[in-house]
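Chains as they are written, first to last, in the numbering used here: chain V, 1 to 243; chain B, 1 to 243; chain U, 1 to 243; chain X, 1 to 243; chain G, 1 to 243; chain S, 1 to 243.
Treat the hints loosely; a few may be bogus.
Given that identical chains are not distinguished, each listed pair holds provided it fits within a single copy or across any two copies.
Claimed, not checked - 30 Å max Cα-Cα, derived DSS-like pairs, lysine-lysine:
| id | residue 1 | residue 2 |
| --- | --- | --- |
| 1 | Lys152 | Lys88 |
| 2 | Lys88 | Lys52 |
| 3 | Lys58 | Lys88 |
| 4 | Lys243 | Lys58 |
Everything labelled a hint here was simulated from the structure, so no lab data went into it. Bear in mind the structure is a predicted one, so any value in this text is a computation, not a measurement.
Number of protein chains: 6
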Amino acid sequence: MSNSKVTRPSGRTPSQLRPVTIDRAFTKHAEGSVLIAFGDTKVLCTASVLEKVPPHKKGSGEGWVTAEYGMLPRSTHTRSDREAARGKQSGRTQEIQRLIGRAMRSVFDLKILGERTIHLDCDVLQADGGTRTAAITGAYVAARDAINQLLKSGTLKSDPILDSVAAISVGIYQGVPVLDLDYPEDSACDTDMNVVMTGKGGMIEIQGTAEGPAFSRTELSALLDLAEQGIRDLTQLQLAALK
Amino acid sequence: MSNSKVTRPSGRTPSQLRPVTIDRAFTKHAEGSVLIAFGDTKVLCTASVLEKVPPHKKGSGEGWVTAEYGMLPRSTHTRSDREAARGKQSGRTQEIQRLIGRAMRSVFDLKILGERTIHLDCDVLQADGGTRTAAITGAYVAARDAINQLLKSGTLKSDPILDSVAAISVGIYQGVPVLDLDYPEDSACDTDMNVVMTGKGGMIEIQGTAEGPAFSRTELSALLDLAEQGIRDLTQLQLAALK
Amino acid sequence: MSNSKVTRPSGRTPSQLRPVTIDRAFTKHAEGSVLIAFGDTKVLCTASVLEKVPPHKKGSGEGWVTAEYGMLPRSTHTRSDREAARGKQSGRTQEIQRLIGRAMRSVFDLKILGERTIHLDCDVLQADGGTRTAAITGAYVAARDAINQLLKSGTLKSDPILDSVAAISVGIYQGVPVLDLDYPEDSACDTDMNVVMTGKGGMIEIQGTAEGPAFSRTELSALLDLAEQGIRDLTQLQLAALK
Amino acid sequence: MSNSKVTRPSGRTPSQLRPVTIDRAFTKHAEGSVLIAFGDTKVLCTASVLEKVPPHKKGSGEGWVTAEYGMLPRSTHTRSDREAARGKQSGRTQEIQRLIGRAMRSVFDLKILGERTIHLDCDVLQADGGTRTAAITGAYVAARDAINQLLKSGTLKSDPILDSVAAISVGIYQGVPVLDLDYPEDSACDTDMNVVMTGKGGMIEIQGTAEGPAFSRTELSALLDLAEQGIRDLTQLQLAALK
Amino acid sequence: MSNSKVTRPSGRTPSQLRPVTIDRAFTKHAEGSVLIAFGDTKVLCTASVLEKVPPHKKGSGEGWVTAEYGMLPRSTHTRSDREAARGKQSGRTQEIQRLIGRAMRSVFDLKILGERTIHLDCDVLQADGGTRTAAITGAYVAARDAINQLLKSGTLKSDPILDSVAAISVGIYQGVPVLDLDYPEDSACDTDMNVVMTGKGGMIEIQGTAEGPAFSRTELSALLDLAEQGIRDLTQLQLAALK
Amino acid sequence: MSNSKVTRPSGRTPSQLRPVTIDRAFTKHAEGSVLIAFGDTKVLCTASVLEKVPPHKKGSGEGWVTAEYGMLPRSTHTRSDREAARGKQSGRTQEIQRLIGRAMRSVFDLKILGERTIHLDCDVLQADGGTRTAAITGAYVAARDAINQLLKSGTLKSDPILDSVAAISVGIYQGVPVLDLDYPEDSACDTDMNVVMTGKGGMIEIQGTAEGPAFSRTELSALLDLAEQGIRDLTQLQLAALK
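Bound conformation, chain V alone:
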């Protein structure tokens, strides 16, 4: 593995994120509404405050944080079927929205939240790889905005958010570990890994898959190094956006 040799389709260095932009208050109705871009990947993340909880939390005194994910049919290179028209969400969609939900709950104290739900909707307007990591990173900012509103209005007395959370993909592309795969890299890489970490640097979730040959512990270690650095950068960008 020699990082210096790889030529990424985008011309980035192996450890370089795509340009990340985080626009808050992108739409007006949601308590939090963030358009996040990782390069050409654009995801609209809204946070809705609902004064009710799902059945398994009723009467518990605790709240709930959940997420749904969708792609607009023509967010992709070729048009995909609309899931609402097909009548069901794909396995991939469910997998991703479950991941986003777990990531967000990992930084929430549900007791402090009280019996209400933060419902995060992550809708991909344009896809170019890494939609789930952009969704998690943007959803945190939307959730932060929604919670800030509840704190400001006095609905919440103390802050249920314990830390920030962000996510990034890493992968082995042409034999070299690289950060933040875009679509051309994602389609061609051997190993693809998504890493979710808190602002304080704790690991929340890692999901790594060998698309081609199996990977080794050494490669895994290199990928995690890259991911840790990428998430440090994203955490800074989240902080800056929230100022």
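Please arrange chains B, U, X, G and S on chain V, whose structure you already have, making use of the hints.
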């Protein structure tokens, strides 16, 4: 009926459209991609060219133009269920997407289009009344862009689009006919009508409903006058955007 | 436009309804049960009184009026799929049953009705064009019978029905506006419009679509004249049937 | 068991059928269309000839005979949910339509029928017990009419129908075996059995269920005697109707 | 009919059951868990005690007994679609689970059971004909185990099970009535009948179908004789297994 | 972290697998049929050879390997709804079956397999934690058996399986990394990770989630050490079972 007296929540005059903006190439993959805003109503309309036709057109030598419509769950004041998660599209959604499809087909020569499909996806990012009329007005521009691409590439030799098409709502608000209802007006009006017309001024579809008391022929006539004028304005805006 | 020249497949004059029959108490269980025929179009309309309301009306003190529509699979020229077997209602079915529901609610005072539901089921036994207009016209009679029963039994003290309601189709066939399209006309006409009006002559709903070339305000006006006259006739037939 | 003592709600003797009427050509589009009444139970049975076969018969040279069953929502004492709206057919519906299909296939030579389908639709307009037996008895007449049309037109050279088929219910009501249960008897009886037989007296299907206490071989034998006689009567009524 | 001549594929005599084994406590979580084998047909029957009842029993003081049935996709000769993946249970599955439920309820006193549900799940691990009869026969043993547990723990003071219940198939194979059809016989037989009886010899359900030519009363009688004997044997095997 | 101090509910040492048994030819119809037990977790894995491929592989000359997963309703402590009855597979089910499919494909050369599908069905008969890792480990053995049959019969000339594959869970229980979590540990652990590796020691997939506090790189490393050892043991057990 005295137009001079009504106070519209937005301060508009009875015959005044909301500010309309039409952004082309809003996303990068679709052959046509338009973000249209009627005030705070924002709809992303993409046109996809598919080199296939539905079964009822196979072997006919003719093409097809169809539309799908959706609202992001938090495009509305309070969060709505995601139709993909509920597993079916509501009656309202189906009604609207059928309307958009009919409107678009009314200006297409399907023989000239040949055996291919123009699939229009209209997704509401933010709703404030009039999503279906914005969708039709924006979808035309997206379709125009997609067809222009086919003409430019030589795939099409002649233009299958016969005229432009646009749509606007009119209604009786506090006893006065007004143009382009926003959400506060839509919720409170007595009669609500959607009118679809071609650039040349032909009527394609009118759908008027008395939400409160029945309406008269005289009121209907006043509403249609307003609509005709509104569509003339929208046609100009479409033309300007396409330059 | 010259009304005198057109030859309708049925030999009717442009302003002539098909023979309309309205048979009450066609089946024995429903509180109202009407078999209505517009020529060869035959729709069984039943009104069921349910002592419950949908969630959005619970505790409101108000009732609800709603409708469902279906076609028997072989009510049509060639057999259609059974919607129950396919597992969903088509967009067309939903559109029609929403229209019937709105039409019926337009003549009901839901406060006087109290917390109960009038559920109208309109099932097409034989189709020959105009099933939705026959359904609305017949459903009114069924609803009237059901309400009369509630008044007679003392369940209701005053009458929640404010007016009668009926519907008719009009269209431009071979360049001539004609009333009450049958299937051969419906398949071949340029513009097709359904009009719903109250017995007192107020307009409840108009839905007009250019199937071929766009239509003009003048044509629209001629169509509405025909519809007004047709609905006056249907109103008389409803009254006669209810005697 | 003493037949002389039972008082049936309808006043019938234990071995008496309800009045049976069979109206052919009840609707105009289907190749066969029969309204059959067993007392207050009224079922519309249509036979459609489709020039195609399901996948498992493609290329076999054989045809297919199948059936679907439905109840109009207010054919029953209290309104039932519409299966098309609920999005699926109940287990009971599927059970009944499978039974009708088997019964009809038992008298068909599918080779002589050739690669076409006879699709029987049995829709209950009014229910008062015994809808499945009325459906089978009426469907035979509808199928006979449809096949006669194919023979007359020369599409079929020889007759694929080998025998007639009819069905009747029997049950033990207040300890006494009775023929052709109506709804009050059906709700209160101990054992309920449906018997399908051919015109020549062969047994095609028996389905007997103890709703209350178990039944004995002796009781079963008495029930089958009644059923055989009832089917002989129905066979005569079918023959008479087809003249 | 001459029993002495038939050669059954398995070499059994016409009145011979396949080897039957009944293993209790096959899995550890269910209150009753039985693996029953009728030869190569193996069905796992579990009985679950749920401290709730379906809506139609709420507040009645009575309990409920119900069943669900499924086949593992590769329990059959060729792989069948997984019903969970297809999104619905087939008509056959529903028919069978309704039959199992009725059979089990026939031996239960629901008042003594009290407001709780015995939910029987019958899952076919390997199919070789007769899965529904094995399911009923095994489900009884599982239910018995579950009820015994409730009696032992004092939850129930008296026994809600009034009798045992078992089921067997019979059919006419190569002109000869035979007991307990295996798959090769089932595929080739003319008449196929399933019989459910109680331990005391009362008949609960008979379902007989002529797959080929119609059958006669004499043949029916011979089949029922076989079935009665088969169920006596199964009743002994149930008793032995429960010791 | 001090491995010596933790008391696992099962009394196992931190690096101890549960007793693993692998029974081949558990059912008779499938080309491969394996009952695998990880302690009280029992999964039936069948491999079916289908001489067809899904649409995206048609004409490619390549085969496909896919998996479906299900739990019997009472495989769990309390009864779960049957997915076939609910009409859809849960997100969890889809996530797991996608994981199994990826794991199996990672050791297959789809070109050598040719245009046929190996369909793996993993059905949980009894659940006690680790059903997905048992499923993968057992599915490999079933696939191996199915491929051996194809090699033996000459349908395949060379072996499409490149390596073995197995999976195990690891987690942090009471602060200590432990191998092969059973249900009591799974419910109570802080971090839960599933690791899929090949027989040669390459990593195919890691999925780790912090259920409680975030985890560190050091903890991750300890977990992977345990997993590597566990998979070495499972690989030996697979080899032994296949002898």
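Now for the hints, and whether the structure bears them out:
1. Lys152 to Lys88: neither (38 Å within a copy, 38 Å between copies)
2. Lys88 to Lys52: This pair counts as both: shortest intra-copy Cα distance 25 Å, inter-copy 23 Å.
3. Lys58 to Lys88: Both: 27 Å inside a chain and 25 Å across chains, each within 30 Å.
4. Lys243 to Lys58: neither (35 Å within a copy, 45 Å between copies)
Of the hints listed earlier, those the structure fails to meet are numbers 1 and 4, in rising order.
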